[in-house]
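The lines below spell out each chain.
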Amino acid sequence: MQRHLISAADLTRDDAVLILDTAEEMARVADRPIKKLPTLRGRTIVNLFFEDSTRTRISFEAAEKRLSADVINFTAKGSSVSKGESLKDTAQTLEAMGVDAVVIRHGASGAPYRLATSGWIDAAVINAGDGTHQHPTQALLDAFTMRRRLVGRDAGLGQDLSGRRITIVGDVLHSRVARSNVDLLHTLGAEVTLVAPPTLVPVGVETWPCEVSYDLDSTLAKSDAVMMLRVQRERMNAAFFPTEREYSRRYGLDGDRMARMPEHAIVMHPGPMVRGMEITAEVADSDRCTVVEQVANGVSIRMAVLYLLLGGNEPAVAHARTPEEK
Amino acid sequence: MDTHDPQHLPQDAQSSDARPVLEGPDIARVLTRIAHEIVERAKGADDVVLLGIPTRGVFLAQRLAAKLAEITDRKIPVGSLDITMYRDDLRMHPPRALARTEIPGDGIDGRLVVLVDDVLFSGRTIRAALDALNDIGRPRAVQLAVLVDRGHRELPIRADYVGKNLPTSLRETVKVQLAEEDGRDTVLLGAKRTAQQ
Chain A
1 MQRHLISAAD LTRDDAVLIL DTAEEMARVA DRPIKKLPTL RGRTIVNLFF EDSTRTRISF
61 EAAEKRLSAD VINFTAKGSS VSKGESLKDT AQTLEAMGVD AVVIRHGASG APYRLATSGW
121 IDAAVINAGD GTHQHPTQAL LDAFTMRRRL VGRDAGLGQD LSGRRITIVG DVLHSRVARS
181 NVDLLHTLGA EVTLVAPPTL VPVGVETWPC EVSYDLDSTL AKSDAVMMLR VQRERMNAAF
241 FPTEREYSRR YGLDGDRMAR MPEHAIVMHP GPMVRGMEIT AEVADSDRCT VVEQVANGVS
301 IRMAVLYLLL GGNEPAVAHA RTPEEK
Chain B
1 MDTHDPQHLP QDAQSSDARP VLEGPDIARV LTRIAHEIVE RAKGADDVVL LGIPTRGVFL
61 AQRLAAKLAE ITDRKIPVGS LDITMYRDDL RMHPPRALAR TEIPGDGIDG RLVVLVDDVL
121 FSGRTIRAAL DALNDIGRPR AVQLAVLVDR GHRELPIRAD YVGKNLPTSL RETVKVQLAE
181 EDGRDTVLLG AKRTAQQ
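Those protein sequences? They're chains A and B, same order as listed.
Take the first sequence: its letter number 281 is residue 281 in full-length UniProt numbering, and every next letter is one higher.
Take the second sequence: its letter number 184 is residue 184 in full-length UniProt numbering, and every next letter is one higher.
Just chain A, same shape as in the assembly:
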């Protein structure tokens, strides 16, 4: 039995619903005067961040501290990694320190999988974003936000997202958020449509369990949630669209487009937002935009994942699956 969360595709529907339900209870802890549970007392968790990410790191750190775990933050900048140490050496150092879990963010797709399966380390591995591959806790918090807004906080318990139509817009090519969301939302029964310029659609997308469209306007009217992605300039090594204005005109979400969405539909964004390009300030600041909620929900989801992977003597989710079982 493994105890890792590497990919949103590893979760079964029951696993995912259990995490969402557990997160709903964790969210109640945030409403209390003392936001702390003794559940992971005496466990050591390392946040191993090879790539910059303030938002995800502090979200994990808040979740770990609320569960009373001992937290070690490791950033590659200024560490022995910049002196040339390999992932294996870092892992073995952590193993020697008796670490119970590693939350890893890495620029290379597959680094968390390697860490979890190579035998370098015995700890649970949680993927906090690897290259353009996966970001499972982001997908979970997005699904949690959708379930709360579209199904209801209490009514949603035990429910999935069957029949909901989700549109994911923007830089799909570079987005681990899009990949993770397509996997998880499909598992939860939602219909996903990706909308992007043809140059920002990855090769092999036809094998993903989703639709692809190049026209945002035609999908808006039938969407229950529209998720805008950040255009990842730092990963772009070529010109994928003519100008920012052109991108914004065709794929940006403004007030007019939002007005064409169904009344109950919500606007999501994993952050950080580039206002004026993928989303206008008017949309970003509206009641239908869930960006701030997503941040709060992120802590609840990460608490749930940490509890379910580390709270007992064996994990309650993400059982090891051999390739034949997948």
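Read the hints as simulated data drawn from the structure, not as lab findings.
Treat each hint with caution, since some may be false.
[As the list claims (entries may be wrong)] Straight-line alpha carbon distances no greater than 25 Å define the calculated SDA-like cross-link-like pairs of lysine to any residue that follow: (1) 35(A) x 135(B); (2) 36(A) x 127(B); (3) 83(A) x 114(A); (4) 65(A) x 138(B); (5) 36(A) x 133(B); (6) 75(B) x 154(A); (7) 36(A) x 110(B); (8) 36(A) x 103(B); (9) 35(A) x 75(B); (10) 36(A) x 101(B); (11) 35(A) x 131(B); (12) 36(A) x 143(B); (13) 35(A) x 110(B).
Based on these hints, arrange chain B on the given structure of chain A.
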């Protein structure tokens, strides 16, 4: 919530040799008695808050609240307190799904909190509940009401209100069934299968 929890018993151990020690009318009677005892000790139950421990403790707390309301003519706040995250045996089992913690709107600060559970056994559930309460507020006092006290305490914990004292052997199981969850009200005493634990 301990080994008396029927969810942890194999199906066959629940049926074959289990015999009822309390039936529906008995359970109603002991709850009425406990309600009167609470009113007597709390001198009117003005500041009483009932907190049930999931799953069956919550139903018992709701029934007690209804009886208290009848006696005192006042609405008694009732909630539930999940103690899973506070258990001291978390690392000995896979993590459980969490149940609902619902604290009445006015909170528990300065109130007399009566914890309600179905079976009092080792006392570890109640220890966890006291820890959980500590994180939620500061009650004036905490009391404990249980339907069945089966003994075998591992901690210095004692119930204030007991429906029935049931001296048992560790080779026996106590199973509480309530209409809300199981379709009927009964307390069953059975023999534990050695293979199960």
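Here is what the structure says about each hint:
no. : hint           : verdict
1   : 35(A) x 135(B) : holds (8 Å)
2   : 36(A) x 127(B) : holds (17 Å)
3   : 83(A) x 114(A) : holds (21 Å)
4   : 65(A) x 138(B) : holds (23 Å)
5   : 36(A) x 133(B) : holds (12 Å)
6   : 75(B) x 154(A) : holds (24 Å)
7   : 36(A) x 110(B) : holds (21 Å)
8   : 36(A) x 103(B) : holds (16 Å)
9   : 35(A) x 75(B)  : violated (29 Å)
10  : 36(A) x 101(B) : holds (14 Å)
11  : 35(A) x 131(B) : holds (14 Å)
12  : 36(A) x 143(B) : holds (24 Å)
13  : 35(A) x 110(B) : holds (20 Å)
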